[in-house]
Amino acid sequence: MKRIIYSEIKGNSNQFYSLAAILIVFTLSALGSAFYMEHYGHVVTGMNNQIVWGTPHVFAIFLIVAASGALNVASIGTVFGKPIYKPLGRLSGLLAIALLLGGLVVLVLDLGRPDRLIVAMLNYNFKSIFTWNIFLYIGFLGVVAVYLWLQMERRMNHFAKTAGLVAFIWRLVLTTGTGSIFGFLVAREAYDSAIMAPLFIAMSFSFGLAIYILVLLAAYRGSDREIGDVVISKLGRLLGIFVAAVLFLTAVQHLTNLYAAEHAGVERFILLDGGIYTMLFWAGQVLVGGLIPLMLVYRPAASPNRNVILASTLVIIGGFAQVYVIVIGGQTYPLNLFPGMEVSSSFADGAFATYSPSLPEIGLGLGGVAIAGLIVLFGIKLLRFLPTSLANAAIDPHHTVTAKTP
Amino acid sequence: MSRKIKSTSAPDTPGYNPSRRSFLGAMATAAGVTLAPGVILYAISKSSPANARTLDAAVTSDVRWGMLIDVGRCDSGCDDCVSACAKENGLRGHGRPETDAQWIRKIDLKNSQTGNSTSLPMMCQHCENPPCVDVCPTGASFKRADGIVLVDKHICIGCRYCMMACPYKARSFVHEALEDQKSHAPRGKGTVESCTLCVHRIDANQQPACVEACSDTGGGAMLFGDLNDPDSEISQRVAKYASQQVRADLGLNPGVRYRNL
Numbered sequence: 001m002k003r004i005i006y007s008e009i010k011g012n013s014n015q016f017y018s019l020a021a022i023l024i025v026f027t028l029s030a031l032g033s034a035f036y037m038e039h040y041g042h043v044v045t046g047m048n049n050q051i052v053w054g055t056p057h058v059f060a061i062f063l064i065v066a067a068s069g070a071l072n073v074a075s076i077g078t079v080f081g082k083p084i085y086k087p088l089g090r091l092s093g094l095l096a097i098a099l100l101l102g103g104l105v106v107l108v109l110d111l112g113r114p115d116r117l118i119v120a121m122l123n124y125n126f127k128s129i130f131t132w133n134i135f136l137y138i139g140f141l142g143v144v145a146v147y148l149w150l151q152m153e154r155r156m157n158h159f160a161k162t163a164g165l166v167a168f169i170w171r172l173v174l175t176t177g178t179g180s181i182f183g184f185l186v187a188r189e190a191y192d193s194a195i196m197a198p199l200f201i202a203m204s205f206s207f208g209l210a211i212y213i214l215v216l217l218a219a220y221r222g223s224d225r226e227i228g229d230v231v232i233s234k235l236g237r238l239l240g241i242f243v244a245a246v247l248f249l250t251a252v253q254h255l256t257n258l259y260a261a262e263h264a265g266v267e268r269f270i271l272l273d274g275g276i277y278t279m280l281f282w283a284g285q286v287l288v289g290g291l292i293p294l295m296l297v298y299r300p301a302a303s304p305n306r307n308v309i310l311a312s313t314l315v316i317i318g319g320f321a322q323v324y325v326i327v328i329g330g331q332t333y334p335l336n337l338f339p340g341m342e343v344s345s346s347f348a349d350g351a352f353a354t355y356s357p358s359l360p361e362i363g364l365g366l367g368g369v370a371i372a373g374l375i376v377l378f379g380i381k382l383l384r385f386l387p388t389s390l391a392n393a394a395i396d397p398h399h400t401v402t403a404k405t406p
Numbered sequence: 001m002s003r004k005i006k007s008t009s010a011p012d013t014p015g016y017n018p019s020r021r022s023f024l025g026a027m028a029t030a031a032g033v034t035l036a037p038g039v040i041l042y043a044i045s046k047s048s049p050a051n052a053r054t055l056d057a058a059v060t061s062d063v064r065w066g067m068l069i070d071v072g073r074c075d076s077g078c079d080d081c082v083s084a085c086a087k088e089n090g091l092r093g094h095g096r097p098e099t100d101a102q103w104i105r106k107i108d109l110k111n112s113q114t115g116n117s118t119s120l121p122m123m124c125q126h127c128e129n130p131p132c133v134d135v136c137p138t139g140a141s142f143k144r145a146d147g148i149v150l151v152d153k154h155i156c157i158g159c160r161y162c163m164m165a166c167p168y169k170a171r172s173f174v175h176e177a178l179e180d181q182k183s184h185a186p187r188g189k190g191t192v193e194s195c196t197l198c199v200h201r202i203d204a205n206q207q208p209a210c211v212e213a214c215s216d217t218g219g220g221a222m223l224f225g226d227l228n229d230p231d232s233e234i235s236q237r238v239a240k241y242a243s244q245q246v247r248a249d250l251g252l253n254p255g256v257r258y259r260n261l
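Sequence order for the protein chains is Y and U. With our numbering, letter number 166 in the first sequence gets 166, and the count goes up by one each step, no holes. With our numbering, letter number 26 in the second sequence gets 26, and the count goes up by one each step, no holes.
Quick caveat, the hints were computed from the structure, so don't treat them as lab data. One thing to keep in mind: the hints can contain errors.
What the hints assert, rightly or not - Distance condition first, Cα-Cα at most 27 Å in a straight line; then the derived DSS-like pairs of lysine-lysine:
{"no.": "1", "chain 1": "U", "residue 1": "153", "chain 2": "Y", "residue 2": "127"}
{"no.": "2", "chain 1": "Y", "residue 1": "86", "chain 2": "Y", "residue 2": "161"}
{"no.": "3", "chain 1": "U", "residue 1": "189", "chain 2": "Y", "residue 2": "127"}
{"no.": "4", "chain 1": "U", "residue 1": "87", "chain 2": "U", "residue 2": "189"}
{"no.": "5", "chain 1": "U", "residue 1": "87", "chain 2": "Y", "residue 2": "127"}
{"no.": "6", "chain 1": "U", "residue 1": "189", "chain 2": "U", "residue 2": "143"}
{"no.": "7", "chain 1": "U", "residue 1": "182", "chain 2": "U", "residue 2": "153"}
Put together the whole structure using the sequences plus the hints.
Structure below.
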């Protein structure tokens, strides 16, 4: 394999500045949304005492889950020693950090008292999985930063494999922690299951890779660098495996619940008559985010790249639908305090909760995406994250055509 | 003095030692006079819901405050406990039931198979193993040694994980600015809150406002007391009559128990 040359993108085109401007506008609107929510209180959002976690949490969880998955490309290169993935590792680390920071900003700015962030850094309850996650998230940023440095500093390259292994294990634990936020909620029928942890890990593999593929292609097309279809179709086929894993674990999750008569109600709600949530589950997650991408990446096509781009886009849309169904749909189903009884109260006992996302919530969530985008955009402009060429000949040791020297 | 005692006591008893006997008698009397008020006070404190703990003494786990609610005496149309709670703690609605705080609420139940209807008050159940305390990242949710589950409003960051974890939907998030708060029940926009069991009243040797209202104008369905004291009325009643905990399957051992449910 040729020696891979990495370089910064020029980042002086109109396209670059326009994208940066758009992302800055979204970031500012997120800060404005957060200020508005804090000033007037959460009464200006769609959230209430029944749906206590809303759209900001959907964005935050999606981004945090995707962050750990985005690192997989680097892990496959260094930990599992697949040479074709090695040139892709640096961007993978950068994207992981960017997505995690974007998600955390959303999570923090949605707090009732974001001004007390320092309190959360000084007072810990070590029985809380949120506390574990604070350490897992901060630790992840540190581990991935070191991992990136070891990859980028050629003299230190031989340590990259060890760092990659640590980062890989760390990311598995991190996503287990994120899934367990829900898995540990014993009182809520939609959650309360150990499968939430492996399900979230599979989701992270899938969402993270889908975002990685789109960012990689956008970066190469935007900076006029060559990228061959070998890389793209390989990533596409890998995405297919992850999408299938999500579908499999989702099926196990619901089948297990369906077997227990006590969970028949919540399953009926999600799968059959939950209105928007049922639609998002079947049409959003299963069809758009699952079956169609599978078909796109595995069916022979005249334009494999286009299929992979479309599949990745659909996986992201389906992923959002899935997280929305888990977070919002799961809370919509009422807590069952008195099994077998019909209940009613002034506090919506026994009633399906209502929720519609408000503009400030959506603004805050999109801001998290924009922050992640800005970090990647300026990251690749300032540091050498991207190989100058990902043309087939440059990365594939078996490719016979002589590579163009960059 | 010994002669005087001798003349009034059993003078002819063999081995009688008047001076020693009178000394012991005097000591017993003195000890009795000294200790009796303490013993009586202790007895009162153990049997009365009004704890004799002074405010500068630490709360201990010798006491476990609890409540027994007789659903059979709770009228569906009565919400005296709810309004007493709101008045006591300064809870004012904004006409937005989805976001207004509710520390205690009335739930109407109907058995879907038999048609039997009941009504009961539901609030923080002050669990022995509270999930809200387990999940709170900062330790703002905490359980006092005497079993009262509270929120430290100074370190609550408003993440609402406790609301996700509470099986009883007992907690509310303060969604908007507050006015005219009660100094004994501080609240804060952006933090989570729930029934405090009227901790300020308990510390002042009074009963929770809901219990008092239920007894004064309601059906007298609520009984408050120390579950750790076998002589307390609540302990004796839960020992004598069947009572149950809501969602007992979760193993949280709530301090609030229901009878005739």
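The hints, checked one at a time:
Simply put, residue 153 of chain U and residue 127 of chain Y have alpha-carbon atoms about 20 Å apart, close enough for the 27 Å limit, and the pair holds. Note on residue 86 of chain Y and residue 161 of chain Y: the hinted pairing holds, with a Cα-Cα distance of about 11 Å set against a maximum of 27 Å. Taking the CA atoms of residue 189 of chain U and residue 127 of chain Y, the gap is near 26 Å; set against the 27 Å cutoff, the hint holds. As the CA atoms of residue 87 of chain U and residue 189 of chain U are separated by approximately 19 Å, the hinted pair is consistent with the 27 Å bound.
Restraint check for residue 87 of chain U and residue 127 of chain Y: the C-alpha separation of about 35 Å exceeds 27 Å, so the hint is violated. As the CA atoms of residue 189 of chain U and residue 143 of chain U are separated by approximately 22 Å, the hinted pair is consistent with the 27 Å bound. Distance restraint check for residue 182 of chain U and residue 153 of chain U: the Cα-Cα separation of roughly 14 Å lies within the 27 Å cut-off, and the hinted pair is therefore satisfied.
Hint 5 alone, counting from the list given before, is not met by this structure.
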